[in-house]
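Model the full structure from these sequences, guided by the hints.
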Amino acid sequence: MNRSTAAVIGALLSLAAAAASAQTTVKDAWIRGTVAQQKATGLFAQISSAQGGRLVGASSPVAGVVEVHEMAMDGNVMKMRALANGLALPAGQTVELKPGGYHVMLMDLKQALDVGSTVPVTLIFEGADQKRESVELQVPVKAMNAAMPAMKHSGH
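FYI, the numbering for the sequence shown is -22 to -1, 1 to 134, going by mature numbering (1 follows the signal peptide of the UniProt record, and there is no 0).
Quick caveat, the hints were computed from the structure, so don't treat them as lab data. Glycine included, C-beta positions come from ideal geometry on N, C-alpha and C. Keep in mind that the hints are not guaranteed to be accurate.
[As the list claims (entries may be wrong)] Think about it this way: if two alpha-carbon atoms lie no more than 27 Å apart in a straight line, the pair counts; the simulated DSSO-like pairs of lysine-lysine are:
{"no.": "1", "residue 1": "K57", "residue 2": "K76"}
{"no.": "2", "residue 1": "K17", "residue 2": "K5"}
{"no.": "3", "residue 1": "K5", "residue 2": "K120"}
{"no.": "4", "residue 1": "K109", "residue 2": "K17"}
{"no.": "5", "residue 1": "K76", "residue 2": "K88"}
[Claimed, not checked] Have a look at the derived ranges for each label pair, beta carbon to beta carbon:
{"no.": "6", "residue 1": "A90", "residue 2": "Q29", "range": "32 to 40 Å"}
{"no.": "7", "residue 1": "D92", "residue 2": "A69", "range": "34 to 42 Å"}
{"no.": "8", "residue 1": "D52", "residue 2": "M85", "range": "15 to 23 Å"}
Encoded structure:
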(Lines of atoms letter the chains of each structure in order from A and count residues from 1; the text may use other names and numbers.)
(Lines give C-alpha, C1' and ligand atoms only; values in the text may rest on other atoms or scores of the structure.)
Protein backbone atom coordinates (compact mmCIF):
# COMPACT_ATOMS: atom_id res chain seq x y z
CA MET A 1 0.00 0.00 0.00
CA ASN A 2 1.43 3.36 -0.94
CA ARG A 3 1.55 6.37 1.33
CA SER A 4 -1.39 8.26 -0.24
CA THR A 5 -3.67 5.21 -0.06
CA ALA A 6 -2.75 4.74 3.61
CA ALA A 7 -3.48 8.44 4.25
CA VAL A 8 -6.92 8.16 2.59
CA ILE A 9 -7.78 5.02 4.58
CA GLY A 10 -6.60 6.70 7.79
CA ALA A 11 -8.73 9.78 7.06
CA LEU A 12 -11.80 7.62 6.34
CA LEU A 13 -11.33 5.68 9.57
CA SER A 14 -11.05 8.96 11.50
CA LEU A 15 -14.29 10.22 9.89
CA ALA A 16 -16.05 6.94 10.70
CA ALA A 17 -14.92 7.15 14.33
CA ALA A 18 -16.08 10.77 14.60
CA ALA A 19 -19.47 9.91 13.08
CA ALA A 20 -19.89 6.96 15.45
CA SER A 21 -19.15 9.11 18.50
CA ALA A 22 -21.52 11.88 17.36
CA GLN A 23 -24.64 9.72 17.16
CA THR A 24 -26.80 12.17 19.07
CA THR A 25 -27.41 15.80 18.17
CA VAL A 26 -29.05 18.46 20.34
CA LYS A 27 -30.39 21.60 18.64
CA ASP A 28 -32.16 24.78 19.78
CA ALA A 29 -31.67 24.04 23.48
CA TRP A 30 -32.92 26.65 25.97
CA ILE A 31 -33.80 26.92 29.64
CA ARG A 32 -36.71 28.92 31.01
CA GLY A 33 -35.48 31.78 33.22
CA THR A 34 -36.42 31.92 36.89
CA VAL A 35 -37.09 34.44 39.64
CA ALA A 36 -35.18 34.67 42.92
CA GLN A 37 -37.03 32.10 45.07
CA GLN A 38 -37.93 29.68 42.26
CA LYS A 39 -36.34 26.27 42.79
CA ALA A 40 -37.10 24.51 39.49
CA THR A 41 -37.23 25.12 35.74
CA GLY A 42 -37.17 23.20 32.47
CA LEU A 43 -34.72 22.64 29.62
CA PHE A 44 -36.18 22.27 26.14
CA ALA A 45 -34.51 21.21 22.87
CA GLN A 46 -34.70 19.14 19.69
CA ILE A 47 -32.83 15.83 20.04
CA SER A 48 -32.09 13.28 17.35
CA SER A 49 -30.11 10.05 17.40
CA ALA A 50 -28.80 8.54 14.18
CA GLN A 51 -28.68 5.01 15.62
CA GLY A 52 -31.51 5.31 18.14
CA GLY A 53 -31.16 5.22 21.90
CA ARG A 54 -32.39 6.96 25.03
CA LEU A 55 -31.84 10.16 26.96
CA VAL A 56 -31.10 8.54 30.33
CA GLY A 57 -29.88 11.37 32.50
CA ALA A 58 -28.54 14.88 32.89
CA SER A 59 -26.63 17.07 35.30
CA SER A 60 -25.81 20.73 35.84
CA PRO A 61 -23.79 22.57 38.47
CA VAL A 62 -26.71 25.02 38.99
CA ALA A 63 -29.15 22.29 40.10
CA GLY A 64 -29.09 19.73 42.90
CA VAL A 65 -31.32 17.35 40.92
CA VAL A 66 -31.75 17.02 37.14
CA GLU A 67 -34.27 14.53 35.72
CA VAL A 68 -35.87 13.62 32.40
CA HIS A 69 -39.63 14.29 32.74
CA GLU A 70 -42.87 13.93 30.86
CA MET A 71 -46.06 15.93 31.23
CA ALA A 72 -49.19 14.05 30.26
CA MET A 73 -52.91 14.16 30.84
CA ASP A 74 -54.23 11.73 33.45
CA GLY A 75 -57.98 12.08 33.06
CA ASN A 76 -58.56 15.84 33.33
CA VAL A 77 -55.34 16.51 35.24
CA MET A 78 -51.95 17.39 33.75
CA LYS A 79 -49.33 15.41 35.66
CA MET A 80 -45.55 15.56 35.54
CA ARG A 81 -43.40 12.54 36.28
CA ALA A 82 -39.80 11.45 35.95
CA LEU A 83 -39.10 8.87 33.23
CA ALA A 84 -37.35 6.13 35.18
CA ASN A 85 -36.06 4.43 32.02
CA GLY A 86 -35.25 7.64 30.18
CA LEU A 87 -36.74 9.03 26.98
CA ALA A 88 -36.72 6.85 23.86
CA LEU A 89 -35.01 8.40 20.80
CA PRO A 90 -36.11 6.48 17.70
CA ALA A 91 -33.34 6.19 15.08
CA GLY A 92 -33.30 9.09 12.63
CA GLN A 93 -36.26 10.91 14.22
CA THR A 94 -36.27 14.20 16.11
CA VAL A 95 -37.79 14.18 19.59
CA GLU A 96 -38.90 17.57 20.83
CA LEU A 97 -38.49 18.58 24.46
CA LYS A 98 -41.06 21.37 24.94
CA PRO A 99 -43.20 23.04 27.58
CA GLY A 100 -46.18 20.78 28.36
CA GLY A 101 -44.43 17.67 27.02
CA TYR A 102 -41.09 15.94 27.47
CA HIS A 103 -38.42 18.10 29.12
CA VAL A 104 -35.37 18.02 31.36
CA MET A 105 -36.28 19.31 34.82
CA LEU A 106 -33.65 21.25 36.79
CA MET A 107 -34.63 21.19 40.48
CA ASP A 108 -33.14 22.39 43.75
CA LEU A 109 -31.69 25.37 41.90
CA LYS A 110 -28.71 26.98 43.62
CA GLN A 111 -29.34 30.42 42.06
CA ALA A 112 -31.80 32.34 39.91
CA LEU A 113 -31.29 31.72 36.19
CA ASP A 114 -31.23 35.15 34.58
CA VAL A 115 -32.45 35.73 31.03
CA GLY A 116 -29.45 36.17 28.73
CA SER A 117 -27.11 34.01 30.81
CA THR A 118 -25.95 30.52 29.84
CA VAL A 119 -26.07 27.37 31.94
CA PRO A 120 -23.73 24.37 31.59
CA VAL A 121 -25.70 21.13 31.23
CA THR A 122 -24.52 17.60 30.50
CA LEU A 123 -27.01 15.25 28.82
CA ILE A 124 -26.34 11.52 29.04
CA PHE A 125 -27.47 9.26 26.22
CA GLU A 126 -27.41 5.48 25.95
CA GLY A 127 -27.17 4.00 22.47
CA ALA A 128 -28.84 0.86 21.19
CA ASP A 129 -25.44 -0.80 21.86
CA GLN A 130 -25.74 0.15 25.60
CA LYS A 131 -22.77 2.54 25.30
CA ARG A 132 -23.18 5.86 27.09
CA GLU A 133 -22.38 9.22 25.53
CA SER A 134 -22.25 12.56 27.36
CA VAL A 135 -23.05 15.76 25.48
CA GLU A 136 -21.83 18.98 27.12
CA LEU A 137 -23.97 22.04 26.39
CA GLN A 138 -23.90 25.75 27.20
CA VAL A 139 -27.64 26.45 27.22
CA PRO A 140 -29.05 29.98 26.87
CA VAL A 141 -31.63 31.15 29.40
CA LYS A 142 -34.74 32.69 27.82
CA ALA A 143 -37.70 34.62 29.19
CA MET A 144 -40.15 32.76 31.42
CA ASN A 145 -42.90 33.18 28.81
CA ALA A 146 -40.79 31.91 25.90
CA ALA A 147 -42.64 29.41 23.71
CA MET A 148 -45.93 30.05 25.47
CA PRO A 149 -48.94 31.06 23.38
CA ALA A 150 -49.44 34.78 23.00
CA MET A 151 -52.31 36.04 25.12
CA LYS A 152 -54.57 38.92 24.23
CA HIS A 153 -54.54 41.69 26.78
CA SER A 154 -57.55 43.87 27.41
CA GLY A 155 -56.76 47.56 27.71
CA HIS A 156 -56.14 48.85 31.24
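Next item on the list: Given the hint of 34 to 42 Å, check if D92 and A69 actually sit that far apart at their C-beta atoms.
Entry: 38 Å, holds
Notebook entry, point to check: Do the alpha carbons of K5 and K120 lie within 27 Å of each other, as the hint requires?
Noted result: Holds, at about 15 Å.
Check: Taking only the CA atoms, is the gap from K109 to K17 under or equal to 27 Å?
Finding: 32 Å, violated
Next item on the list: With 32 to 40 Å as the target window, see if A90 and Q29 comply at their CB atoms.
Entry: Cβ of A90 to Cβ of Q29: about 38 Å, so the range 32 to 40 Å holds.
Check: Given the hinted pair K17 and K5, is their alpha-carbon gap at most 27 Å?
Finding: Between K17 and K5 the Cα gap is close to 25 Å, so the pair holds against 27 Å.
Item checked: Hinted pair K76 and K88, Cα distance within 27 Å -> 23 Å, holds
Notebook entry, point to check: Regarding D52 and M85, is the given constraint of 15 to 23 Å on their beta-carbon distance met?
Noted result: 21 Å, holds
Notebook entry, point to check: Is K57 within 27 Å of K76, Cα to Cα?
Noted result: Within the cut-off at roughly 15 Å; holds.
Taken one by one, the earlier hints fail for this structure only at number 4.
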